[in-house]
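There are 2 protein chains.
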Amino acid sequence: MSDRITLAHGSGGKAMQQLIHELFAQFFDNATLRQQEDQARLPLTPLAVQGEQLAFSTDSFIIDPIVFPGGDIGKLAICGTANDIAMCGAKPVYLSAGFILEEGLPIETLESIVRSMAKAAGQLGIQVVTGDTKVVPRGAADKIFINTSGLGVIPAGIEWGADKIQPGDCILISGTLGDHGATILNLREELGLDTQLTSDCQHLYPLAEALLPIKGIRTLRDATRGGVNAVLHEFIAPSGCGFCIDETALPVLPEVRGLCELLGLDVINFANEGKLIAIVDKRDADTALLALQQTPGGESAAIIGEVDSSHQVTVRHAFGGYRWLDLPSAEPMPRIC
Amino acid sequence: MSDRITLAHGSGGKAMQQLIHELFAQFFDNATLRQQEDQARLPLTPLAVQGEQLAFSTDSFIIDPIVFPGGDIGKLAICGTANDIAMCGAKPVYLSAGFILEEGLPIETLESIVRSMAKAAGQLGIQVVTGDTKVVPRGAADKIFINTSGLGVIPAGIEWGADKIQPGDCILISGTLGDHGATILNLREELGLDTQLTSDCQHLYPLAEALLPIKGIRTLRDATRGGVNAVLHEFIAPSGCGFCIDETALPVLPEVRGLCELLGLDVINFANEGKLIAIVDKRDADTALLALQQTPGGESAAIIGEVDSSHQVTVRHAFGGYRWLDLPSAEPMPRIC
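Chains as they are written, first to last, in full-length UniProt numbering: chain B, 1 to 337; chain D, 1 to 337.
Because the hints were derived from the structure by calculation, they are not lab data.
Source: prediction; values computed, not measured.
A hint or two may mislead.
Repeated chains share a single entry, so a pair holds when one copy, or any two copies, can fit it.
In silico DMTMM-like pairs for lysine to aspartate or glutamate, Cα to Cα no more than 20 Å straight-line [as the list claims (entries may be wrong)]:
| no. | residue 1 | residue 2 |
| --- | --- | --- |
| 1 | 14 | 326 |
| 2 | 14 | 266 |
| 3 | 143 | 103 |
| 4 | 215 | 52 |
| 5 | 143 | 3 |
| 6 | 282 | 308 |
| 7 | 164 | 22 |
| 8 | 143 | 281 |
Just chain B, same shape as in the assembly:
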C-alpha cells in the first residue's frame, strides 16, 4: 500500500479494496463487516422488546487540528455520535463511518485515526458495521472529514425530552465547562497559554446510564457546539420555560477561566465534548447529582441553576443582579468538532 492517500483509494477499484481490507476491516473487525455487503444487516431480535424505541443520529466531524490534547478526530467521531444517542437514554450499539479523505493524506495519519476510532468504539462495545470512503483531489477538502451515524435502543419506559421540562426543575452539568473549546482555541490560535488544557472528549453513556433509574429526569443533552448557552436556548421552544444559571455554581477549570478572561469570551458559549446537561425534577436533583458524581467522568458535576417560566436564559451574578444571555450568532470559532 502506498504511504499516502491517492484518488485511486476512492475509486471503487483495487486500491480502495486494499484500503478497506488492510485498514478498516482490520480495526473495525466484526461479523457484520466481514460479510462485505453494501449494507449492514442487523438482527432485530435483541432490539425488539415491546415498548423499546430505536435512537438514530448522525454527525459530521471537520475539526481542525485533527489531533489535539485529549483526543483526535477519530475519538471525537465515535464519542460525538454515540453521545447524541446516549442522551435519550439509549445504549449506542451500531455505528456507520463515512470518510472523506483529501488526496495526499498520509496513510499513517489515517491509520492512527482509525485505530483511535476502534479504541473509542471498543470502550462501549460499539460495533462499526458499515462504512464508505471517498477521496477528493488535493485542495477540495482539508485532510479528513468523518461522518458517523449510529443506532441505539431506548429502554422501555424512558421518554426523556425537552417538552417534559417544568418550572422549578434543576439544571445539572456533569462537569467543568468549556474544556474542549478552550483546548482547540489555544492550540489553533497558538495562544500557548497553558499546556494543561485538555479536551474533555469522552463517552457520556455511562453518565446517562447512571441516571436511567431516576424517575425525575426530564431530559439530557450534550453541550457541544455553542456550549451550555446554546443547549438552554434550544430548550426554550419545546419546553415553554426559561433557564436561570447561577454564575458562582459553574464548574470551570482555572486554565479555561484564564483563557476566557484573556480573550473576553464567555465560557458558557464554549464547546464541550464530554459534558451533559440534565434537567431534573427538584425532588430528584440531589440523587441525580450524586449518581453523576459517583460515575467516572462526572466527578465535577454540579447543580448550576433552575428552570423558570421566563422564556429566557439568564445568569445570576456573584454579587447579585442578573443579565440576559442572548444566543450568539456564532461560536468563537469554526471547526470546533
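For chain B, the structure is supplied; the task is to place chain D on it using the hints.
Coordinates of chain D only, in the frame set by chain B:
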C-alpha cells in the same frame, strides 16, 4: 437570512438555528424532526416482526459538478443510500442527512439541493429524521458534501447475499451501462460530445421489490463506483465463483458507446447510479428478467452473462474469444458520486 452560507451557519448559534428551521425543517418536515431532539426516536413496533432484519448503510457524496443532467448531489445523496439499503430487499424507511458546507455557498444553491432531496425521498415515502450541518472556511471543502445514512427493513425470509451465488447462475443488469459516468465525464471534461447524455440516478427499490417474490434470487448489488466490473470482482471472494460476461449482450446507449470509443475507455468500468446487477438461479432468470423489464426503470434489463467457477471476470467477445477483465486500480475519474 443572508444569501450565502457563513461560518455562523455551522456554529450552534442563532444563524444555524435559523438555517435548520427555515430550510431543512421546511423541506424535510415530519413528526420526528419536529421534536427537535439531537437524535431521531423511532418506534420499533412497525419494524419488529419476527424474523425481520434491519438494513443500515451510509454513503458520502462529493460529486463534482453538483448539478448534472438527470439530477444533482441532493437526489444522488437520497437515491444512493436508499439503493444500498434496497439491494438486500429492504424498503428504505428512514434517512439521516449530514451536510458539510463551504463558507460562501449560495443559500439558493443549498435550497435547491435540499428541495431535490425532499423530492427524491418523497418518491419512496422515505423520511429524513435526523441531521447535522457543519460549515468550513472557504477553501477547506468544495461547495457541499452530503452524507446520508439509512435504515430499512429486510422482509422475513429474504436472505440475499454474494455467498449464495453458484456456478450456472445468470447475471442480469437492470438497464444500460455507464450513463452516469459518461454524463459526468462529458460535463466535467467539457467534451461536448452529446447533449443527450443523462445520468441514470434513480431509486432501485421498485426493481428490488419486483424481484422479492422470486425464489431464485441470489444477490443484488447496485453498480456504482467502478461499474459492473467492480461489482463482479467484489463477488469473487464471498462466492468463490467467476463471472463471464457476453459483450454483445451488454445494453449500452449509442452516445455512451461513442464516448467510450473516443476516449478508449471500457463502459464496464463506468459508474451507474440507477442500475443493479442481479445474480439469479438459471431456472428463474427469465422470470426475473421479465419482472425487471415490466418495472419502470428496468425496461432495458438484460441477461448479460453467467456464473462459472473460474475465480475471474471474463468477457466473451462478439467474434468469439475471451479476455480477462482485471479490476482497474482506479475509475476513469474522481468525484463521480
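The hints, checked one at a time:
In the homo-oligomer, the alpha carbons of residue 14 and residue 326 lie at most 20 Å apart only across protomers (9 Å), although the nearest pairing inside one protomer, at 53 Å, exceeds that limit. Taking the shortest alpha-carbon separations for residue 14 and residue 266, only the inter-copy value of 16 Å comes in at or below 20 Å, while the best intra-copy value is 51 Å. Taking the closest pair of Cα atoms, residue 143 and residue 103 come within 20 Å of each other both inside a single copy (8 Å) and across two copies (17 Å). Proximity of residue 215 and residue 52 under a CA criterion of 20 Å is satisfied intra-copy only: 17 Å inside one chain copy versus 33 Å between copies.
Only within a single protomer do residue 143 and residue 3 lie at most 20 Å apart by alpha-carbon distance; the minimum there is 14 Å, versus 28 Å between protomers. Taking the shortest Cα distances, residue 282 and residue 308 sit within 20 Å of each other inside one copy (12 Å), while across copies they are farther apart (70 Å). Within a single copy, residue 164 and residue 22 get their C-alpha atoms no closer than 48 Å, and across copies no closer than 25 Å, so neither meets the 20 Å cut-off. Taking the closest pair of Cα atoms, residue 143 and residue 281 never come within 20 Å of each other, the shortest separation being 45 Å inside a single copy and 45 Å across copies.
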